[in-house]
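Novice: Sequence lines, in order, name chains A and B. Residue numbering for the first sequence is 1 to 186, as defined by this note's numbering. Residue numbering for the second sequence is 1 to 211, as defined by this note's numbering.
Since the hints were derived computationally from the structure, they do not count as laboratory data. In this text, all values refer to a predicted model and were calculated from it rather than measured experimentally. Backbone N, C-alpha and C define an ideal beta-carbon position, used for all residues, glycine too. One or more hints might be untrue.
[What the hints assert, rightly or not] Residues of chain B clear of chain A, computed beta-carbon distances all greater than 10 Å:
#, residue
1, Cys19
2, Ile23
3, Lys33
4, Arg45
5, Cys92
6, Phe101
7, Leu112
8, Lys128
9, Pro136
[Claimed, not checked] Within a straight-line C-alpha distance of at most 27 Å, the following computed BS3-like cross-link-like pairs (lysine-lysine) qualify:
#, chain 1, residue 1, chain 2, residue 2
10, B, Lys105, A, Lys50
11, B, Lys105, B, Lys33
12, A, Lys28, B, Lys86
13, B, Lys33, B, Lys86
14, B, Lys33, B, Lys109
15, B, Lys33, A, Lys50
16, B, Lys86, B, Lys128
17, A, Lys77, A, Lys95
18, A, Lys95, A, Lys50
In case you want the letters, here they are:
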Amino acid sequence: MSKESTLDRAPVRGSVPPDRAPLANQPKWRQDFPIDWDRDDYVSRRELVKFVVLTSAAFAVGQVWIAVKGLFRRDAKLPAAQVATVDELEVGDAKTFTYPEGSTPRLLVKTGPDSFVAYDQQCTHLQCPVVPAVSEGKLHCPCHNGWFDLATGQPLAGPPRRRLPRVLLEVREAAVYATGVEDSAS
Amino acid sequence: MPVPSELEFFIDPGRCIGCQSCIQACAECDTHKGQSMIQLDYVDRGRSTQTLPVICMHCDSPTCAEVCPADAIKRTEDGVVQSARKPRCIACNNCVLACPFGVPKMNTKMNLMMKCDMCYDRSSVGLKPMCASVCPSQALAFGTREEMARLRPRAKPVNTFQFGAQTIRTKVNVMVPNDAAQEHIDVTAAMHEPTIGHEVLDDVFDTQVEA
Chain A
1 MSKESTLDRA PVRGSVPPDR APLANQPKWR QDFPIDWDRD DYVSRRELVK FVVLTSAAFA
61 VGQVWIAVKG LFRRDAKLPA AQVATVDELE VGDAKTFTYP EGSTPRLLVK TGPDSFVAYD
121 QQCTHLQCPV VPAVSEGKLH CPCHNGWFDL ATGQPLAGPP RRRLPRVLLE VREAAVYATG
181 VEDSAS
Chain B
1 MPVPSELEFF IDPGRCIGCQ SCIQACAECD THKGQSMIQL DYVDRGRSTQ TLPVICMHCD
61 SPTCAEVCPA DAIKRTEDGV VQSARKPRCI ACNNCVLACP FGVPKMNTKM NLMMKCDMCY
121 DRSSVGLKPM CASVCPSQAL AFGTREEMAR LRPRAKPVNT FQFGAQTIRT KVNVMVPNDA
181 AQEHIDVTAA MHEPTIGHEV LDDVFDTQVE A
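Use the sequences and the hints to build the structure in full.
Specialist: Here's what the structure looks like:
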């Protein structure tokens with residue numbers, strides 16, 4: 001026997017069934033319980049710990065990043081824009097507007113002869129439009145029965161936990177101007 | 001990291017001097033927790049000094065893994081059959097009984113089967129397994145085939161074994177004399193020969209000539 005005939009016996013990649021038949025001819029259970037490490041679904045403790053630690057670290061870094069980003073945020077000063085005239089609405093009436101242009105709908109409510117409040121119309125729970133309930137001094141979200149204080153926009157009842165973003169208003173010469181937006185970051 | 005494919009294990013029983021260095025060194029390995037995984041077989045103790053270190057042959061069709069009911073024994077991509085996974089092993093002893101080479105060892109205290117894994121922490125980074133690094137006669141050798149061909153010109157590596165009707169190819173090679181007729185080693189061929197009083201030396205010096 002020549003020496004060369006044994007030299008090509010490199011170790012086989014992948015395990016071989018005892019009858020040495022191809023995998024396609026093997027029963028299904030053999031594919032379900034592979035002997036090869038990389039075809040097995042085994043997750044070692046070390047792999048799990050590595051995954052958990054790295055994922056947690058990614059979340060932690062993300063939080064820090066958000067905090068740092070918030071520190072350096074500069075709100076651009078929005079230009080004032082007229083959204084209504086004082087006489088346009090009766091006390092207790094409301095209208096929607098956008099401010100700045102292209103924003104989500106804002107809700108303007110006339111609470112007294114000269115007083116207005118304006119909030120973002122999207123509920124802070126799941127973005128349903130809120131409707132004014134001026135006689136009760138509240139804003140109501142009918143989707144999940146959420147209530148907000150009309151005077152401050154703070155949540156009063158129901159699922160929402162954050163206040164509605166408030167649109168700052170100014171009344172000048174019988175016209176209502178929006179001058180800025182207070183986000184509900186808190 | 002897999003064991004480099006060019007590095008292979010070679011067992012040369014003819015070179016074994018029975019010094020037990022491999023057994024001691026094996027216990028130093030980190031992958032099996034202070035336990036020695038090597039068995040030193042005395043071929044015919046009454047008449048011969050011939051010994052034979054038994055390490056895992058790392059079969060391509062590992063019988064230990066085939067019989068494992070808990071799916072605990074796995075073979076890595078480089079062909080190394082690993083010790084049973086601790087969370088899966090149920091200490092049933094099937095592998096210990098089934099292995100044709102008698103390699104797996106049951107640790108009843110730990111309820112875990114451990115076996116020779118070619119010192120995976122060492123060999124996977126290109127180091128020699130513990131036993132091969134200490135063997136004074138290099139009966140256990142770890143290196144490339146070219147190295148072996150150069151150092152042992154009168155022997156050739158064989159890694160095909162016959163167990164009755166089953167053929168197994170192993171990652172570990174056994175060195176046999178160049179002029180041996182067999183292309184494989186028939187493990188069960190001598191099963192019915194008497195084990196006690198077997199004239200080993202006569203065998204080596206007489207029957208080999210005829211073959």
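Novice: What are the numbers of the hints the structure violates, in ascending order?
Specialist: 10, 18
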